[in-house]
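**Q** Here the protein sequences line up with chains A and B, keeping their order.
Each position in the first sequence, counted from 1, maps to that position plus 44 in this note's numbering.
Position 45 of the second sequence, counting from 1, maps to 36 under this note's numbering, and the rest follow consecutively.
Do not rely on the hints blindly, as some may be mistaken.
[What the hints assert, rightly or not] With a straight-line cut-off of 30 Å between C-alpha atoms, the simulated BS3-like cross-links for lysine-lysine are:
no., chain 1, residue 1, chain 2, residue 2
1, B, 12, A, 103
2, A, 103, B, 85
3, A, 103, B, -4
4, A, 103, B, 90
5, A, 52, B, 12
6, A, 69, B, 12
7, A, 103, B, 60
8, B, 90, B, 12
9, A, 68, B, 12
[What the hints assert, rightly or not] Sample of chain B residues facing chain A (criterion: CB under 8 Å; computed from the structure):
no., residue
10, 17
11, 21
12, 25
13, 30
14, 31
15, 62
16, 66
17, 67
[Said to hold, decoys possible] Pulled a few chain A residues facing chain B out of the computed Cβ check, cut under 10 Å:
no., residue
18, 49
19, 53
20, 57
21, 61
22, 66
23, 92
24, 107
Since the hints were made in silico from the structure, they are not lab data.
Note that CB positions come from ideal geometry on N, CA and C, so glycine has one too.
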Amino acid sequence: MNVEIIFKIAAIGILITVLCQILKKSDRDDIATLVSLAGLIIVLTVVIGMVADLFESIKDIFNLY
Amino acid sequence: MELYKIIGVGLICAFVIVYLKSTDSNLAMPLTVCSGIILLSMTASYLSDFLSIFNSLSSNEYLDGSILKLTIKILAISYLVEFSASAIEDFGLKSIADKVVFAGKILILTMSAPIIENLIQTTVSLL
Chain A
45 MNVEIIFKIA AIGILITVLC QILKKSDRDD IATLVSLAGL IIVLTVVIGM VADLFESIKD
105 IFNLY
Chain B
-8 MELYKIIGVG LICAFVIVYL KSTDSNLAMP LTVCSGIILL SMTASYLSDF LSIFNSLSSN
52 EYLDGSILKL TIKILAISYL VEFSASAIED FGLKSIADKV VFAGKILILT MSAPIIENLI
112 QTTVSLL
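Chain A extracted, bound-state conformation:
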């Protein structure tokens, strides 16, 4: 759980924006929206996994229920 996840997500973000720009310039707007959607889904799965880990660690720390 350290900073590399931040840089991974930032890299995905930059890559997605560049790809969308290229696709928009070559007037393939539908593929551009799909690419940005795919990037968003990937990042969301990573973040949801991290939220689950956070809640798990909090449960362990406070040894709740």
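With the hints as your guide, set chain B onto chain A.
**A** Below, chain B without anything else, positioned relative to chain A:
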């Protein structure tokens, strides 16, 4: 010290998020949540040390275990509510964040009822 590391991570996350917002990609929001999680998990280790001390405190006979268990639960509720309310507020939904904070307060109030009752009993017995 550990604090420099936390401050460094916070600043790095802030720079990256501002940059992602400038290229108006919709990945800035999950990134704010992710950096919040990283910073919270860094402080989690300190919290577990404190709690071990707290548990050893409950061994003597004056403080019975149930009250300390309740305070630990209240601490956990405040920890979670603070994280989620600030994340929601980052998304610009102030009203929903206030509702989460309000729900947390209500939960803490209901959980602290036995503590208040215990307090009243001890004071009455002293009189």
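**Q** Now tell me, hint by hint, if it's right for this structure.
**A** Outcome of the hint check:
no.: 1; hint: 12/B <-> 103/A; result: 33 Å, violated
no.: 2; hint: 103/A <-> 85/B; result: 27 Å, holds
no.: 3; hint: 103/A <-> -4/B; result: 25 Å, holds
no.: 4; hint: 103/A <-> 90/B; result: 23 Å, holds
no.: 5; hint: 52/A <-> 12/B; result: 16 Å, holds
no.: 6; hint: 69/A <-> 12/B; result: 21 Å, holds
no.: 7; hint: 103/A <-> 60/B; result: 13 Å, holds
no.: 8; hint: 90/B <-> 12/B; result: 27 Å, holds
no.: 9; hint: 68/A <-> 12/B; result: 19 Å, holds
no.: 10; hint: 17; result: 6 Å, holds
no.: 11; hint: 21; result: 4 Å, holds
no.: 12; hint: 25; result: 5 Å, holds
no.: 13; hint: 30; result: 10 Å, violated
no.: 14; hint: 31; result: 6 Å, holds
no.: 15; hint: 62; result: 11 Å, violated
no.: 16; hint: 66; result: 7 Å, holds
no.: 17; hint: 67; result: 4 Å, holds
no.: 18; hint: 49; result: 6 Å, holds
no.: 19; hint: 53; result: 5 Å, holds
no.: 20; hint: 57; result: 4 Å, holds
no.: 21; hint: 61; result: 5 Å, holds
no.: 22; hint: 66; result: 14 Å, violated
no.: 23; hint: 92; result: 9 Å, holds
no.: 24; hint: 107; result: 8 Å, holds
Of the hints listed earlier, those the structure fails to meet are numbers 1, 13, 15, 22, in rising order.
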